[in-house]
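Undergrad: Sequence:
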Amino acid sequence: MSKNLVIVESPAKAKTIEKFLGKDFTVKSCFGHIRDLAKGDDAIDVKGNFKPNYEVSDDKKAIVAELKKLSKDADLVWLASDEDREGEAISWHLSEVLNLDEKKTRRIVFHEITKPAILKAIDNPRGIDKNLVDAQQARRVLDRLVGFELSPVLWKKVKGNLSAGRVQSVAVRLIVDREREINNFNYSSAFRVIARFNVGGKQMEAELGKRFETEAEAKAFLEKCVGANFTIKNLEVKPSEKSPAPPFTTSTLQQEASRKMGYGVSITMSIAQKLYENGLITYMRTDSVNLSELAIASAQNYISSNFGEKYSRPMRYTTKNDSAQEAHEAIRPTYFENVEIEGTPQEKRLYDLIYKRAIASQMAKAQIEKTIATIAIDGVTEQLVATGEVLKFDGFLKVYLESTDDDQEDEGSKMLPPLAVGEQLVLNQIQATERFTRPAPRYTEASLVKRLEELGIGRPSTYAPTISTIQKRGYVVKEDREGKERNFVQLTLEKQVISREDRTEKFASEKSKLFPSDIGMIVTDFLSKHFEQIMDFNFTASVEEEFDKIARGQLVWNKMIEKFYGPFHATVTNTSENAERQNAERTIGIDPETGKTVYVKVGRYGPFAQIGDNSDDEALKPKYASLRAGQLTETITLEEALDLFKLPRVVGNFEGKDIKAAIGRFGPYLMHDSKFISIPKTDDVFAIEFDRAVELIEGKRISDANKLLKTFEEDAEVKILNGRWGPYIAKGRDNYRLPKTTKVEELTYEVVAKIIEAEAKPASKKTAAKKVVAAKTPAKKTAAKKTAAKKVKK
DNA sequence: CAGTGAGCGAGCTTCCGCTTGACTT
278 MSKNLVIVES PAKAKTIEKF LGKDFTVKSC FGHIRDLAKG DDAIDVKGNF
328 KPNYEVSDDK KAIVAELKKL SKDADLVWLA SDEDREGEAI SWHLSEVLNL
378 DEKKTRRIVF HEITKPAILK AIDNPRGIDK NLVDAQQARR VLDRLVGFEL
428 SPVLWKKVKG NLSAGRVQSV AVRLIVDRER EINNFNYSSA FRVIARFNVG
478 GKQMEAELGK RFETEAEAKA FLEKCVGANF TIKNLEVKPS EKSPAPPFTT
528 STLQQEASRK MGYGVSITMS IAQKLYENGL ITYMRTDSVN LSELAIASAQ
578 NYISSNFGEK YSRPMRYTTK NDSAQEAHEA IRPTYFENVE IEGTPQEKRL
628 YDLIYKRAIA SQMAKAQIEK TIATIAIDGV TEQLVATGEV LKFDGFLKVY
678 LESTDDDQED EGSKMLPPLA VGEQLVLNQI QATERFTRPA PRYTEASLVK
728 RLEELGIGRP STYAPTISTI QKRGYVVKED REGKERNFVQ LTLEKQVISR
778 EDRTEKFASE KSKLFPSDIG MIVTDFLSKH FEQIMDFNFT ASVEEEFDKI
828 ARGQLVWNKM IEKFYGPFHA TVTNTSENAE RQNAERTIGI DPETGKTVYV
878 KVGRYGPFAQ IGDNSDDEAL KPKYASLRAG QLTETITLEE ALDLFKLPRV
928 VGNFEGKDIK AAIGRFGPYL MHDSKFISIP KTDDVFAIEF DRAVELIEGK
978 RISDANKLLK TFEEDAEVKI LNGRWGPYIA KGRDNYRLPK TTKVEELTYE
1028 VVAKIIEAEA KPASKKTAAK KVVAAKTPAK KTAAKKTAAK KVKK
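Its first residue numbered 278, the first sequence is counted upward by one per residue in my numbering.
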């Protein structure tokens, strides 16, 4: 039996450290927190100094039992959880739950998983910092109180299954605020003037220093340019340099993977997790840009021998973020010698990104020479400016360049042809183009994470889960949206003639952006009205200051909570008793056909439009229609609302049965002979004609025939179908998995019947009911599925 | 998904931060 037991948070870390420490040390992982507040409402004794009631979570019972046994047999137990608030608490919970003797317990910390760092830590043990633990308890208790008191208010005043919290509610608010900013944005336009010259066979572009507000002004300017001389008046050469970005933190990795590869934050994190588990990168949930001495030295070595000495620039980065706890290194490859790795294409791409970012961070600045040419126009005061860039030394640009969120109007750095002051230029054309101002862009998952990090809200381990939560609750949807068209004017001066063209462009099209839903807006407004403090962007920052005081021993944690909870709880009670129910009802106009009032509001099944008032008289009952995806009660127009009542629409009669066109949850569809056929985006559900509808129905029949792989005489209900994940069994509305090795041609009914029997689903109504319950309690759902899967294996 | 929207009342939901798997119809 080993004399020393070291406990770390992550199993991958445990494996690495065990190698450094030799045979006298056993290194085990506790898999994060082992204990948490009890699930129910008795978790915090609000009348008894907020005493927390902790429980070992079910999924941690086994590991706790194992650690208990190992710690009993060990001479010394080394608590090596991370050096931050949460890590300190993990060590404290371990010492409590494992009942560790203080005399044989050591607390150690390291910020990097390198041999010298570990050995140094072992040489410098300390005790558990109870103040830091108390700061964590305050954080935990505050979050529980806020979340579990606010959420029930929403169930009462808005609808069930909603949630609120210190982090998620502010995240939703950011998106709601941005949406309104965009909806209220005043687009204005101005004419941007670009001249194109022919210089020694090459094209050169120059822009006018000012924009014209009206077409008339732009035209007047072009008229002055007819027959004018264009002369280089001044040439200015300015050296400049560009520095590499620091190596990745969780947040910057999520941003770059989103910008460069289009990955959502959860995808990025799960790929990074794989890389970490395979020992290829350092820990992926970090807020630090720091690199270990070893890493810097090895990067320097790699750069010098592969690119040359002058490309190396060893650099220590420091984070600017106050809320950073820096328990780990920045994200970097474990070995810079691993230029390429084995793995899935996604793993390779993400690794490549991490690798290049880390190596570039240790490389020299790029040297750039900027040339600015000023061009004078005869008889005109305004001047044209042409800029060009020459890369004198590429430096870090040899491997990596960071992307930006806003690269829609990408200027592109161009070289200028050789020019001389006084030189007369040959004009090809001058164009004055109407350009519009743009509102701030909608958030992507990653840019929302960036904003949250700036506000100090949330932690690297919770960014991705928070983004998922606000989508799961229906506050926010991630979507693509078609752009709208608008007209703009372009004036062109060419060959001394001015011409005018009306052109159209698409704008405001969005890809994978976050949009608020009606519920997201209702909840945000409700919380902002009644719980201003929680919705304040600075709330987290201000409580963090208090947590820091607790950590420094200047404040007692439950006193701090008490001061917050008193007024907060009073507001909760007051709101719960007195606030009105929120349904976002809005009158949007009068139906011209019936003269009745048209409303929109949010009901049990989501937002809908209503024509006419509620009435007991059957004949006068109002008409209802659900809003379409992407429509908001806040912004829908009367015309759009009335359109909703034009469906379902009978398109015609085919094979003795009506074809109906309507819009469902998954978009526009046709229904014929009780079968559904999706209407593609290229067709308009309001206008689709009979012939086209029949074409779609027949197309669907052909693809259905291909989907059907096999049927059985014994049971017409049972079919083998070809699905997204390959062939599967369908019986009625239930589906069953086929073993991966199955050869469909050889499949007999007997085998199929056995698989169905083994999974033995209850009658379909009960399944439906069960599914609803299961979906609400994810823990139970997985448990149930596990047992089902095991049964199949037997 | 498949055209629902009254009102009542049961019993359910919910937080943030540490960790990984399990597994997709």
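Just so you know, these hints were derived from the structure itself, not from any lab. One thing to keep in mind: the hints can contain errors.
Unchecked claim - With a straight-line Cα cutoff of 25 Å, these simulated DSS-like cross-link-like pairs (lysine-lysine) come out:
#, residue 1, residue 2
1, Lys633, Lys669
2, Lys952, Lys873
3, Lys519, Lys642
4, Lys937, Lys977
5, Lys900, Lys873
6, Lys397, Lys292
7, Lys625, Lys675
Undergrad: For lysine 952 and lysine 873, compute the direct alpha-carbon distance and say whether it is at most 25 Å.
TA: Violated: lysine 952 and lysine 873 sit about 35 Å apart, past 25 Å.
Undergrad: Does the alpha-carbon distance linking lysine 633 and lysine 669 stay inside the 25 Å limit?
TA: holds (21 Å)
Undergrad: Would you check the hint for lysine 900 and lysine 873, treating anything up to 25 Å between C-alpha atoms as holding?
TA: holds (10 Å)
Undergrad: For the pair supplied as a hint, lysine 519 and lysine 642, confirm whether the alpha-carbon distance does not exceed 25 Å.
TA: holds (6 Å)
Undergrad: Can you confirm whether the C-alpha distance between lysine 397 and lysine 292 stays at or below 25 Å?
TA: holds (18 Å)
Undergrad: Can the restraint linking lysine 625 and lysine 675 be considered satisfied, given a maximum Cα separation of 25 Å?
TA: Holds - the C-alpha atoms of lysine 675 and lysine 625 are around 19 Å apart, at most 25 Å.
Undergrad: CA of lysine 937 to CA of lysine 977, is that 25 Å or under?
TA: Holds, at about 15 Å.
Of the hints listed earlier, the one the structure fails to meet is number 2.
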